[in-house]
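Participant: Spelled out from the first residue to the last, the chains are:
There are 2 protein chains.
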Amino acid sequence: MSVVKQKTDQAVQILKELDIDLWLTYIRKTSEVHDPALYFLLEDRWMTWQTAILISNKGHKFVICGRYDAANVEASGIYDKVISYDQSIKDDLLSVLDEIKPKTIAINYSFDNIAADGMTHGMWLRLNKMLEDTEYKDSLISSENLLAALRGRKTELELELVKKAVDISELGHKKVSETAKIGVSEEDIEKMLLQFTEDQGLTVSYPPLVHVGPDTQIGHGKPSPDVKIGKGNLISVDYGVFYEGYASDLQRMNYILQDNEDIPPVEVRRAFETCFKAISTGAEKLKPGVLGWEVDYVARKVITDAGYDEFMHALGHQIGRNVHDGGCLLGPKWEKYGQSVMYPVEENQCFTLELHVYVPNHGYCSIEENVVVTKDGCKFLSDRQMELTLLKL
Amino acid sequence: MSVVKQKTDQAVQILKELDIDLWLTYIRKTSEVHDPALYFLLEDRWMTWQTAILISNKGHKFVICGRYDAANVEASGIYDKVISYDQSIKDDLLSVLDEIKPKTIAINYSFDNIAADGMTHGMWLRLNKMLEDTEYKDSLISSENLLAALRGRKTELELELVKKAVDISELGHKKVSETAKIGVSEEDIEKMLLQFTEDQGLTVSYPPLVHVGPDTQIGHGKPSPDVKIGKGNLISVDYGVFYEGYASDLQRMNYILQDNEDIPPVEVRRAFETCFKAISTGAEKLKPGVLGWEVDYVARKVITDAGYDEFMHALGHQIGRNVHDGGCLLGPKWEKYGQSVMYPVEENQCFTLELHVYVPNHGYCSIEENVVVTKDGCKFLSDRQMELTLLKL
Numbered sequence: 000m001s002v003v004k005q006k007t008d009q010a011v012q013i014l015k016e017l018d019i020d021l022w023l024t025y026i027r028k029t030s031e032v033h034d035p036a037l038y039f040l041l042e043d044r045w046m047t048w049q050t051a052i053l054i055s056n057k058g059h060k061f062v063i064c065g066r067y068d069a070a071n072v073e074a075s076g077i078y079d080k081v082i083s084y085d086q087s088i089k090d091d092l093l094s095v096l097d098e099i100k101p102k103t104i105a106i107n108y109s110f111d112n113i114a115a116d117g118m119t120h121g122m123w124l125r126l127n128k129m130l131e132d133t134e135y136k137d138s139l140i141s142s143e144n145l146l147a148a149l150r151g152r153k154t155e156l157e158l159e160l161v162k163k164a165v166d167i168s169e170l171g172h173k174k175v176s177e178t179a180k181i182g183v184s185e186e187d188i189e190k191m192l193l194q195f196t197e198d199q200g201l202t203v204s205y206p207p208l209v210h211v212g213p214d215t216q217i218g219h220g221k222p223s224p225d226v227k228i229g230k231g232n233l234i235s236v237d238y239g240v241f242y243e244g245y246a247s248d249l250q251r252m253n254y255i256l257q258d259n260e261d262i263p264p265v266e267v268r269r270a271f272e273t274c275f276k277a278i279s280t281g282a283e284k285l286k287p288g289v290l291g292w293e294v295d296y297v298a299r300k301v302i303t304d305a306g307y308d309e310f311m312h313a314l315g316h317q318i319g320r321n322v323h324d325g326g327c328l329l330g331p332k333w334e335k336y337g338q339s340v341m342y343p344v345e346e347n348q349c350f351t352l353e354l355h356v357y358v359p360n361h362g363y364c365s366i367e368e369n370v371v372v373t374k375d376g377c378k379f380l381s382d383r384q385m386e387l388t389l390l391k392l
Numbered sequence: 000m001s002v003v004k005q006k007t008d009q010a011v012q013i014l015k016e017l018d019i020d021l022w023l024t025y026i027r028k029t030s031e032v033h034d035p036a037l038y039f040l041l042e043d044r045w046m047t048w049q050t051a052i053l054i055s056n057k058g059h060k061f062v063i064c065g066r067y068d069a070a071n072v073e074a075s076g077i078y079d080k081v082i083s084y085d086q087s088i089k090d091d092l093l094s095v096l097d098e099i100k101p102k103t104i105a106i107n108y109s110f111d112n113i114a115a116d117g118m119t120h121g122m123w124l125r126l127n128k129m130l131e132d133t134e135y136k137d138s139l140i141s142s143e144n145l146l147a148a149l150r151g152r153k154t155e156l157e158l159e160l161v162k163k164a165v166d167i168s169e170l171g172h173k174k175v176s177e178t179a180k181i182g183v184s185e186e187d188i189e190k191m192l193l194q195f196t197e198d199q200g201l202t203v204s205y206p207p208l209v210h211v212g213p214d215t216q217i218g219h220g221k222p223s224p225d226v227k228i229g230k231g232n233l234i235s236v237d238y239g240v241f242y243e244g245y246a247s248d249l250q251r252m253n254y255i256l257q258d259n260e261d262i263p264p265v266e267v268r269r270a271f272e273t274c275f276k277a278i279s280t281g282a283e284k285l286k287p288g289v290l291g292w293e294v295d296y297v298a299r300k301v302i303t304d305a306g307y308d309e310f311m312h313a314l315g316h317q318i319g320r321n322v323h324d325g326g327c328l329l330g331p332k333w334e335k336y337g338q339s340v341m342y343p344v345e346e347n348q349c350f351t352l353e354l355h356v357y358v359p360n361h362g363y364c365s366i367e368e369n370v371v372v373t374k375d376g377c378k379f380l381s382d383r384q385m386e387l388t389l390l391k392l
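Chains A and B are the protein sequences, given in the same order.
Take 0 as the starting number for the first sequence in numbering that gives the first Met the number 0 and just add one per residue.
Take 0 as the starting number for the second sequence in numbering that gives the first Met the number 0 and just add one per residue.
Check the hints yourself; a few may be wrong.
Where chains are identical, the list cannot tell them apart; a pair therefore holds if satisfied intra-copy or between any two copies.
No farther apart than 25 Å at their CA atoms in a straight line, the calculated lysine to any residue pairs in the SDA-like style are these [said to hold, decoys possible]:
| id | residue 1 | residue 2 |
| --- | --- | --- |
| 1 | Lys391 | Met341 |
| 2 | Lys374 | Ser75 |
| 3 | Lys190 | Asn127 |
| 4 | Lys60 | Ala74 |
| 5 | Lys332 | Ser87 |
| 6 | Lys190 | Glu243 |
| 7 | Lys335 | Asp132 |
| 8 | Lys221 | Ser87 |
| 9 | Lys136 | Gly229 |
| 10 | Lys284 | Arg269 |
| 11 | Lys128 | Glu334 |
| 12 | Lys128 | Leu139 |
| 13 | Lys335 | Tyr78 |
| 14 | Lys221 | Met191 |
| 15 | Lys335 | His33 |
| 16 | Lys128 | Phe110 |
| 17 | Lys374 | Ser138 |
| 18 | Lys4 | Glu131 |
| 19 | Lys374 | Pro287 |
| 20 | Lys162 | Val371 |
| 21 | Lys80 | Glu334 |
| 22 | Lys162 | Val289 |
| 23 | Lys190 | Val2 |
| 24 | Lys190 | Phe379 |
| 25 | Lys136 | Lys230 |
| 26 | Lys221 | Gly200 |
| 27 | Lys15 | Val183 |
| 28 | Lys374 | Ser30 |
| 29 | Lys180 | Leu156 |
| 30 | Lys284 | Glu334 |
None of these hints come from the bench; they were simulated from the model.
In isolation and in its complexed conformation, chain A is listed as follows:
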C-alpha cells in the first residue's frame, strides 16, 4: 500500500477523532505554490488548474480537478470519485458539498503550524467568495490539528523511510571523517557530501552546513572556500537526506588533534560532554503527553547551568516529509514559535534533538540526533555519537 493511500486512510480516522466533518484542500498550479499537505494527498505529478481534494469523516475521498489533470488522479486509485471540469470548479464543488453536508470544513491555514499553512491568501479569498451565499460560509476552520496529527503520527512504512534516510546520512558523516585533511575547506566538505548524495541517487534534505574552527560563522550560511581545516579545530557538520521523500537531519563532530595531543583539551571535552548530557536529558524527558517546551527546557538548562551561552533555536523539530516538519516543536516559549511548543508529544512522532556550544579557539561543538517517540519514551533512530571523532592529520 502506498504512503499516500495509508495517509488518506489515516486522515479519515483523525477527522473522526477530532470531530471534523470534512478536510478540504483547495489548490492551483502546484508547480508555483505547493501546499505541503499534498505530500499526503497526491502522488508526485503536478496539478495545473484549481483543484479541490475532499476527505470526510464518513470516508468520502473525492477530487475535483481540471480536465487534463484527471487521468493521473484516477490512475492513483486513491479517490472514489474524480470529477473534472473545464471552465470553473465552483458548481462541482458546491454540489459535492451538498452531497457531504459538512458542518465543519478544515482548511490548510495556520498561524503557527507552518506545515498546515499551505493555502495562499488569494485562494482563501476565492473559497470564501464561492461559499458566501451558501450554508457553508461560516464552516471553515483551520486544519492545523488534523495536519499536526497526520504528519506527526508516522505509519510503519514512513518510519522505515525515515530510518533509511538516517542510515544514509550517517554514511555521509563517516565520509567526512575519512576525507578530512589539513587545508580542506568547508566548501570542499560540502561538495563531497553533495556528490556522495548524488551518487546514492538522492537529494539532501537541507543544504549541508559545515563549520570548521573558531573563525567560521555559525548558522545557515554557505560553507566557505576560505575557511580550512587546521590542527586544534572542531569540525561540525549538519547533513541529512531525503529517502523517498522522508528526511533525516544529523550533526556530527570531528576534532583535529594537535601534534602534541592524544586527547582533546579539557574545554573541548567538557563542551562535547555537556552537549551529550543535554541531549540525554532531553531524550529522557521525551514521551507521549509531555509538552514540547518542557523537553526543550530541561535540555537548555543543562547548557546554561554549565555556564555556556544559550543556543538560539529549538532543541528539536519533527522530521518527516520535510526536514522541519510541522506540529509539536520542542522549543522555548518564544513569540516566533507561537503555539507549536504547547502541543503534547505523541507516539510515532520523529524528532531531532540538537544543540551546540561555542569553544573559544576551537570552534562550534554541536550534536544532533534523530529519535522516534514510543509508547512510553523515545528510541534513537541514529547511532548516537558517544564521543568526539578524533583525527590525527
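For this one, chain A is given, so just place chain B on it according to the hints.
Facilitator: For chain B alone, coordinates are given in the frame of chain A:
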C-alpha cells in the same frame, strides 16, 4: 550582474511607475511553502525563520531575518541592510516601516495571478495582527500588478536563459524523432527525455507529456507503458527544461507513415496545417497593448472555423521562472482565468503559443512554440515546426 540584482533594481523602477511605496514579502520556512516572488529576491539558499524582504520606491532594499539566515543574505550583496533577530520579527519590522513610512504596502496575494499569490493565509493573519495598532493597518494592497510587470518584463540576461532552455528542448525533441521505433511506448519516450535532460545536467520544466496514436488520453497524464508506437500514429510530445531557473515549453509532432504512404493522409495534413495557421494568426495578433483574450480569440477561431473541437485551455501562458508564469494570459474569458486574460501584453514578455486538435484513427495533433514580445510584434524563440516530421519505420 546577477539576475536577482537586476530584478530587485527593476522592482524599484516598477514601484515608482505604479506609485506603490513599498513591496513587502513576508515568508517563513521556504522549504515548506515557497513564495514564487523569492526567485527574484533571493539567491538559492533557503530561509528558515520568518523573514521580511522590503523594497521601496525610494530604493530601500532591506531584509529582516532570523540570526542563522543572515550570513547568506549579507553575502549576496543585494541588500543594503540585513537585520537579524532571535525571538520575534515584530519590533524590527515595525521600526523599519517607521523608517520608510509607506502609505501603500504591496503584499504577495492575488485572486487571479497565481505567481503573485505566494503569501499563505496564516502569514496574512500574522502580518495583519502585527500591524493592527499601527498606522499601516489599512495600507496593504495586492502586489499582483507589480509582480506581473516584474516577471513579465524579461531583462536581456533572462531572455538569454529562456533562449538556451528553448534550444535544449529542441534537441530533446530531435531525439524523439531519432529514437521512435514501432513498439516503443509513451513511457519509453518519457524516460529517454528524462535521461537526456539529466545528461545535460538540467531538470525538466514539467513532466514530459507523450501522446501516441488515437487511443491515448490527452492531458497531463503520465505517459503509458502500454500505449506503443504503430504505423499511422501521430506522436505528440510536450517537453521543456529549466536552464538556470528559466523554462522552455515546446510541443513537436511526428507522424509514422503507413507502408503504402509517402505523405500523411489528408485529414492528418489538414489538422497540422490548421494548427500551424492558428498559431501564425495568434502570433500576428500578439504585440504590446493587445489584451490577452484577444490573441486567444483569433487563434481559437481558426480552429473552430475549420470545424474542429475547441481546445479547452488557454492559447498561451508566459514562460520564465516557472513554466506557467503569471500575469497576462492569452486565454479565453473563462471564470477560472479571471482577470489574467484582461491584462495588456507588454514588450519582453515570453509566451507559449499552443493548441491541438484530434484526428480520429491517428491521434492528437498539437504544436507549441515559444515567442518573445517585441516593440511592435513578436519574435519566435523556437525554430518553428513548419511541417510534420515524417518517420518511415
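Participant: Of all the hints numbered above, which does this structure not satisfy? Sort the numbers upward.
Facilitator: Violated hints: 1, 2, 3, 9, 17, 18, 24, 25, 27, 28 and 29; rest satisfied.
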